[in-house]
Amino acid sequence: MTVRLLFTILLGGVAALDAVPVAQTFLSQPLVTGTLLGALWGDWRTALQVAIVLQILAATTVPVGARTPEDYAVGGVVGVGTALALSAGHTFSFAQDAAAMLGVSTGLAAALLGSGPIKWQRRLNEGLARWCEERLRLGDEGALGAAQRAAVVLAFAVGVAYCALGLGVAVVALRHLLEAESLKLARAWRLAQPLWLGLGLAQILHAFVHRRLSRIAVFGAALIAAWLVYVVGTP
Amino acid sequence: MTSGVNDSDLARVSARTTLLQATWNYDRQQGLGWAWCFAPVLERLYPDAATRRQRLAEHTSYFNTQPTLASLALGAVARVEEQRALGTGAEDDGVARVKMVLGSALAALGDRLFWFTLRPFVACLGALLALDASWLGALVLWITYNAVHLTLRFRGVAWGYRQGPLVLGQGMRDRLERAVGSLSVLGAALVGVVVAALLVPGGEPQSLPFQATLAGGLALGLITAQRARPSPTHWALGAGVLCVAAAWFR
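Keeping their order, the protein sequence lines are chains A and B. Residue numbers for the first sequence, in my numbering: 1 to 235. Residue numbers for the second sequence, in my numbering: 236 to 485.
Bound conformation, chain A alone (with noise of 0.2 angstroms):
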């Protein structure tokens, strides 16, 4: 448990590089992550339920311009970190279900707490910045690579730092809980997992969509010629 949750913590330090600051691959995305985290922890099922509603529900959380958007890299690797701690141990799908209602729930909180932190790294990189361009002046060209170097540490360990606060917090608060009202939550994730993808889709139909009446055409049509092969199975 121990390995597992520090090796989580430091997937949240590498999906905090991987969202803004080191090549952006996606590597940080919810699912990808949670993806990771479920073969981490040998529970497939729990990682991905939570990481899909994660994933649909950052998929229109853009980073335009100087906005700060939601952090969903270390939002992610928290929630399903949660999910997958909660559960861990738990063989019943009611327990393994109310542990992804909690995952999910805190995902979505320390995304929105993350952009905080973010904030605060870019605040610093502006005195990084101020540092560096005196250096340059004075003939430094190598406080260039040593500016880059710096930011990049900061953003892994303010990455690491938030994913083993949040998934502490969360765990150590949220483990009587599931204990004690683990149905209660699992009738939660019921409602709550098709409402959160439903929101989702259709933010992300809006984002392709754009007001235009053919493209909602070939969503509708999508939809039944899908739902009949489904149903009826392809001839």
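Treat the hints as calculated values from the structure; they're not laboratory data. Watch out, some of these pointers could steer you wrong.
To be verified - Heads up, simulated SDA-like pairs for lysine to any residue below, C-alpha to C-alpha not over 25 angstroms straight-line:
no.	chain 1	residue 1	chain 2	residue 2
1	A	Lys184	B	Gln441
2	A	Lys184	B	Ala447
3	A	Lys119	A	Glu179
4	A	Lys119	A	Thr68
5	A	Lys119	A	Lys184
6	A	Lys184	B	Leu477
7	A	Lys184	B	Leu472
8	A	Lys184	B	Ala481
9	A	Lys184	B	Leu443
10	A	Lys119	A	Leu154
11	A	Lys119	B	His469
12	A	Lys119	B	Trp350
13	A	Lys119	B	Tyr297
14	A	Lys119	B	Ala343
For this one, chain A is given, so just place chain B on it according to the hints.
Just chain B, lined up with the frame of chain A:
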């Protein structure tokens, strides 16, 4: 004697684009990262250390664009900087002008292509494949996104250098606009398939409450999408609290 930019310099710039946003801040935004990426070009063009440092300081000024398409701007500005260093055309303020114009134009196109189209598209594709608890969803999401992202990021610098400031000419603009349009149509169809897969997983219809709640979520999402605030995350948290309350007091 100043020599021109070569393929090895462009390759070094391409590799450095992975850290374009490392020092992102509210003041210069990608400015410092841009200077870091651009440094190999300046090392080649300005053997005199004092001149090079002066140019490097100029390149730390404000810059911001969509990070993947920044490669095209880096290549194009490398061409202009080369002309300036060789004294074959570009004026002193030409570099700053090209940076500013390309930054805005690439941000407008890149945000639509990457953030508003490709990102939700790959998310839907990944989620669809992951619905039956398969790791394939994450793999397909990652590969599909990076097939576009890494190709443009690593080859974009050379393309930008070849085309110069005209890199975002009508041809490239049309290609990117077509990509956005086609991907949006495919994406709308994909959302339809995902909704169908949620309603009848494996051919077995979900329970009526599940179907009704999914439809309710879709309706709520379409209404809330009309306004940027509160964000979908706020709505989702609120909906979660309501579901917990409903389960508690049922």
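Structure-based check of each hint:
Distance check on the hinted pair: Lys184/A and Gln441/B sit about 20 angstroms apart at the alpha-carbon level, within 25 angstroms; holds. Between Lys184/A and Ala447/B the CA atoms are separated by roughly 20 angstroms; this keeps the pair inside 25 angstroms, and the hint holds. Taking the CA atoms of Lys119/A and Glu179/A, the gap is about 36 angstroms. The hint is violated against a cut of 25 angstroms. Only pairs whose Cα atoms come within 25 angstroms are accepted, and Lys119/A paired with Thr68/A is accepted, the gap being roughly 7 angstroms.
For the hint pairing Lys119/A with Lys184/A, the CA-to-CA distance comes to about 37 angstroms; that exceeds 25 angstroms, so the pair is violated. Restraint check for Lys184/A and Leu477/B: the C-alpha separation of about 13 angstroms stays at or below 25 angstroms, so the hint holds. At roughly 18 angstroms between alpha-carbon atoms, Lys184/A and Leu472/B fall within 25 angstroms of each other, so this suggested pair holds. Simply put, Lys184/A and Ala481/B have alpha-carbon atoms about 9 angstroms apart, close enough for the 25 angstroms limit, and the pair holds.
For a cut-off of 25 angstroms, the pair hint linking Lys184/A to Leu443/B stands: about 20 angstroms separates their Cα positions. For the proposed pair Lys119/A and Leu154/A, the alpha carbon gap of about 13 angstroms is at most 25 angstroms, so the pair holds. Between Lys119/A and His469/B, the direct Cα distance comes to roughly 19 angstroms. Compliance with the 25 angstroms bound is thereby established for this hinted pair. Straight-line distance between C-alpha atoms of Lys119/A and Trp350/B comes to about 20 angstroms, which keeps the hinted pair within the 25 angstroms bound.
Between Lys119/A and Tyr297/B the alpha-carbon distance is near 18 angstroms, which keeps this suggested pair within the 25 angstroms criterion. Our distance criterion of 25 angstroms between C-alpha atoms is met by Lys119/A and Ala343/B, whose separation comes to about 23 angstroms.
In summary, the numbered hints that this structure violates are 3 and 5.
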